[in-house]
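Taken in order, these protein sequences are the chains called A and B. To convert, take the position in the first sequence, counting from 1, and add 20; that gives my numbering. To convert, take the position in the second sequence, counting from 1, and add 18; that gives my numbering.
Note that these hints are calculated values from the structure, not bench results. Ideal Cβ placement from N, Cα and C applies to all residues, glycine included. Hints may contain errors.
What the hints assert, rightly or not - Pairs of lysine to any residue, SDA-like flavour, derived with a Cα cap of 20 Å:
1. A:K151 <-> B:R122
2. B:K74 <-> A:K151
3. B:K74 <-> B:Q186
4. A:K60 <-> B:Q186
5. B:K58 <-> A:D84
6. A:K151 <-> B:K58
7. A:K151 <-> B:R124
8. B:K74 <-> A:A82
9. A:K60 <-> B:D121
10. B:K74 <-> A:L76
11. B:K96 <-> A:L93
12. B:K42 <-> B:E103
13. B:K58 <-> A:K60
14. B:K74 <-> B:D121
15. B:K171 <-> A:M90
Said to hold, decoys possible - Negatives, chain A to chain B, calculated, CB over 10 Å:
16. V149
17. R187
18. D188
As the list claims (entries may be wrong) - Over the 10 Å line for every Cβ pair with chain A, so calculated as not near, a few chain B residues:
19. D83
20. Y100
21. A136
22. Q172
23. G196
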Amino acid sequence: MTANHHLDDASIVRYASGDFSTEFVVVSASHLAMCSVCRKAVALAETAGGTYLDTLDTVELADDALPALMQRLDDEAAGTTAGASPAALPEHGQEDTLPLPLRRVVSTPLDAISWKSVGPGIHKHDIQVNKETGQSLFMLKIAPGKKVPEHGHGGGEMTLVLSGSYRDDLGWFGPGDIADLDEHVQHQPHVDSITPCICLVATEAPTRFTGWISRIVQPFVGI
Amino acid sequence: MPAALRVVEASYERASMPDVDAHKAMIARIAADKDRAAFKALFLHFGPRIKALMQKAGASSDIADDLVQEVMMSLWRKAHLYSPEKGNVSTWIFTIARNARIDRLRRQSSKPYEDVEAIELASPEPDGEAEMYVSQRSERVASALAELPPEQKQIMELAFINDLPQSQIAEKLSLPLGTVKSRMRLAYGKLRPVLEDLA
Ligand SMILES: [Zn+2]
Numbered sequence: 021m022t023a024n025h026h027l028d029d030a031s032i033v034r035y036a037s038g039d040f041s042t043e044f045v046v047v048s049a050s051h052l053a054m055c056s057v058c059r060k061a062v063a064l065a066e067t068a069g070g071t072y073l074d075t076l077d078t079v080e081l082a083d084d085a086l087p088a089l090m091q092r093l094d095d096e097a098a099g100t101t102a103g104a105s106p107a108a109l110p111e112h113g114q115e116d117t118l119p120l121p122l123r124r125v126v127s128t129p130l131d132a133i134s135w136k137s138v139g140p141g142i143h144k145h146d147i148q149v150n151k152e153t154g155q156s157l158f159m160l161k162i163a164p165g166k167k168v169p170e171h172g173h174g175g176g177e178m179t180l181v182l183s184g185s186y187r188d189d190l191g192w193f194g195p196g197d198i199a200d201l202d203e204h205v206q207h208q209p210h211v212d213s214i215t216p217c218i219c220l221v222a223t224e225a226p227t228r229f230t231g232w233i234s235r236i237v238q239p240f241v242g243i
Numbered sequence: 019m020p021a022a023l024r025v026v027e028a029s030y031e032r033a034s035m036p037d038v039d040a041h042k043a044m045i046a047r048i049a050a051d052k053d054r055a056a057f058k059a060l061f062l063h064f065g066p067r068i069k070a071l072m073q074k075a076g077a078s079s080d081i082a083d084d085l086v087q088e089v090m091m092s093l094w095r096k097a098h099l100y101s102p103e104k105g106n107v108s109t110w111i112f113t114i115a116r117n118a119r120i121d122r123l124r125r126q127s128s129k130p131y132e133d134v135e136a137i138e139l140a141s142p143e144p145d146g147e148a149e150m151y152v153s154q155r156s157e158r159v160a161s162a163l164a165e166l167p168p169e170q171k172q173i174m175e176l177a178f179i180n181d182l183p184q185s186q187i188a189e190k191l192s193l194p195l196g197t198v199k200s201r202m203r204l205a206y207g208k209l210r211p212v213l214e215d216l217a
């Protein structure tokens, strides 16, 4: 799979330096899982991090730093501390549909996800990864042919297409494509696949997103 | 290269090439033989730099010391996952330190980073990409960073070294968020030719 829409350069820098909240990291990482072009771009930015590490003025370590570290090696060799073994991958039998970083935070297979209706033809599944950021992460399932009314964003928004596709002013977005938008971008996605379009979305401003949802819903149910 | 540029680069005090190769050999010895002498040497070189990085990010001296131990233990356990074709040792250690910084100082999760790293390790390099490419890349990135205009350099350092969130960089410099983003893009744009030229 080769994506046509990638992470913004500013996002590559923020990902590499560790500035994103977990919500945005999950969406970025899910794209990276599918996109070797962006993985290369991140590796380049991480090289900058390595350069900075090399150039820092050193700071003296605690007096017992070395013996304490050697003690840890002894403890680990003796098996008295748990070594960091790689966390087991959740087995959902959904390897074909969900990228690994997403599989960790979605506890059910894609076909068993509990969707809640947020408007005609539009379903949402909230993903809780962090209570403190005030940002949100969720999946949207939009029915074929559905046109989401034009909307802007109350902050940055990242949308990764997992299955199906949509088209808007920015182009055609299929599986693996990411729309990495800042708050000034307005768009009007129109699902053009014969199956529903399932997207993973992170937003910076959940309260504004509620407004976004009500603006979607408004024309249909007259809220 | 003009002499003036060479002076700027020299001021960056980069690890010399023999160091870079020696560090790679040390990681290999840890991976193969759990070699403690190699581990100690890496600790003596990188420990004080990791501590500096953590303190620049706002950690107290105690927490920074603690994080040095944590990063070094990750290095010990993951040495077999280090691949010299993917990057220099200092870049690899930066990513381990960054992940520790995310978990401990930002209280976010670095798990997705580990997943991406595992996926990258499992994907083979295209032909012609090898260690030579990696060491050239590090050199080229170091000079590109040294040549950045001051206003871009400042933003990159605040992001990578001081671990300041983008919004706080904007606040600190009294700049609109959009300006911080565009300077980040410009700075990264100066690095990008390194990928293209060596590809
Ligand atoms: Zn990409």
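Evaluation of the provided hints:
1. Distance restraint check for K151 (chain A) and R122 (chain B): the Cα-Cα separation of roughly 16 Å lies within the 20 Å cut-off, and the hinted pair is therefore satisfied.
2. Simply put, K74 (chain B) and K151 (chain A) have alpha-carbon atoms about 26 Å apart, too far for the 20 Å limit, and the pair is violated.
3. With a C-alpha separation of about 15 Å, the suggested pair K74 (chain B) and Q186 (chain B) falls inside the 20 Å cut-off, and the hint holds.
4. With a C-alpha separation of about 28 Å, the suggested pair K60 (chain A) and Q186 (chain B) falls outside the 20 Å cut-off, and the hint is violated.
5. For the proposed pair K58 (chain B) and D84 (chain A), the alpha carbon gap of about 14 Å is at most 20 Å, so the pair holds.
6. A hinted pair counts as satisfied when its Cα atoms are at most 20 Å apart, and K151 (chain A) with K58 (chain B) does not qualify at roughly 40 Å.
7. Only pairs whose Cα atoms come within 20 Å are accepted, and K151 (chain A) paired with R124 (chain B) is accepted, the gap being roughly 13 Å.
8. At roughly 17 Å between alpha-carbon atoms, K74 (chain B) and A82 (chain A) fall within 20 Å of each other, so this suggested pair holds.
9. Annotation: proposed proximity of K60 (chain A) to D121 (chain B) is violated, straight-line Cα distance about 24 Å (limit 20 Å).
10. For the hint linking K74 (chain B) to L76 (chain A), the alpha-carbon distance of about 10 Å falls within 20 Å, and the restraint holds.
11. Restraint check for K96 (chain B) and L93 (chain A): satisfied, since their Cα atoms lie roughly 13 Å apart, inside the 20 Å limit.
12. For the suggested pair K42 (chain B) and E103 (chain B), the alpha carbons sit about 11 Å apart, so the restraint of at most 20 Å is met.
13. Under the criterion of a C-alpha separation no larger than 20 Å, the hint pairing K58 (chain B) with K60 (chain A) is inconsistent with the structure, at around 31 Å.
14. Between the alpha carbons of K74 (chain B) and D121 (chain B) the distance comes to roughly 16 Å, so the proposed pair stays at or under 20 Å and holds.
15. A C-alpha spacing of about 38 Å is found between K171 (chain B) and M90 (chain A), which places the hinted pair above 20 Å, so the restraint is violated.
16. At roughly 7 Å from the closest C-beta of chain B, the C-beta of V149 (chain A) falls inside 10 Å, breaking its exclusion from the interface.
17. For R187 (chain A), the requirement that its beta carbon stay farther than 10 Å from each beta carbon of chain B is met, with the minimum near 26 Å.
18. The non-interface label for D188 (chain A) is consistent with chain B: the shortest C-beta to C-beta separation is roughly 21 Å, beyond 10 Å.
19. Its beta-carbon lying about 4 Å from the closest one in chain A, D83 (chain B) breaks the requirement of being farther than 10 Å from that chain.
20. The Cβ of Y100 (chain B) sits about 13 Å from the closest Cβ of chain A, beyond the 10 Å cut-off, so the non-interface label holds.
21. A136 (chain B), annotated as away from the interface, has a beta carbon of chain A within 10 Å; the closest lies near 7 Å.
22. In this structure Q172 (chain B) is separated from chain A by more than 10 Å, as the shortest Cβ-Cβ distance comes to about 13 Å.
23. With a closest Cβ-Cβ approach of about 7 Å to chain A, G196 (chain B) is found to fall inside the 10 Å limit, against its non-interface label.
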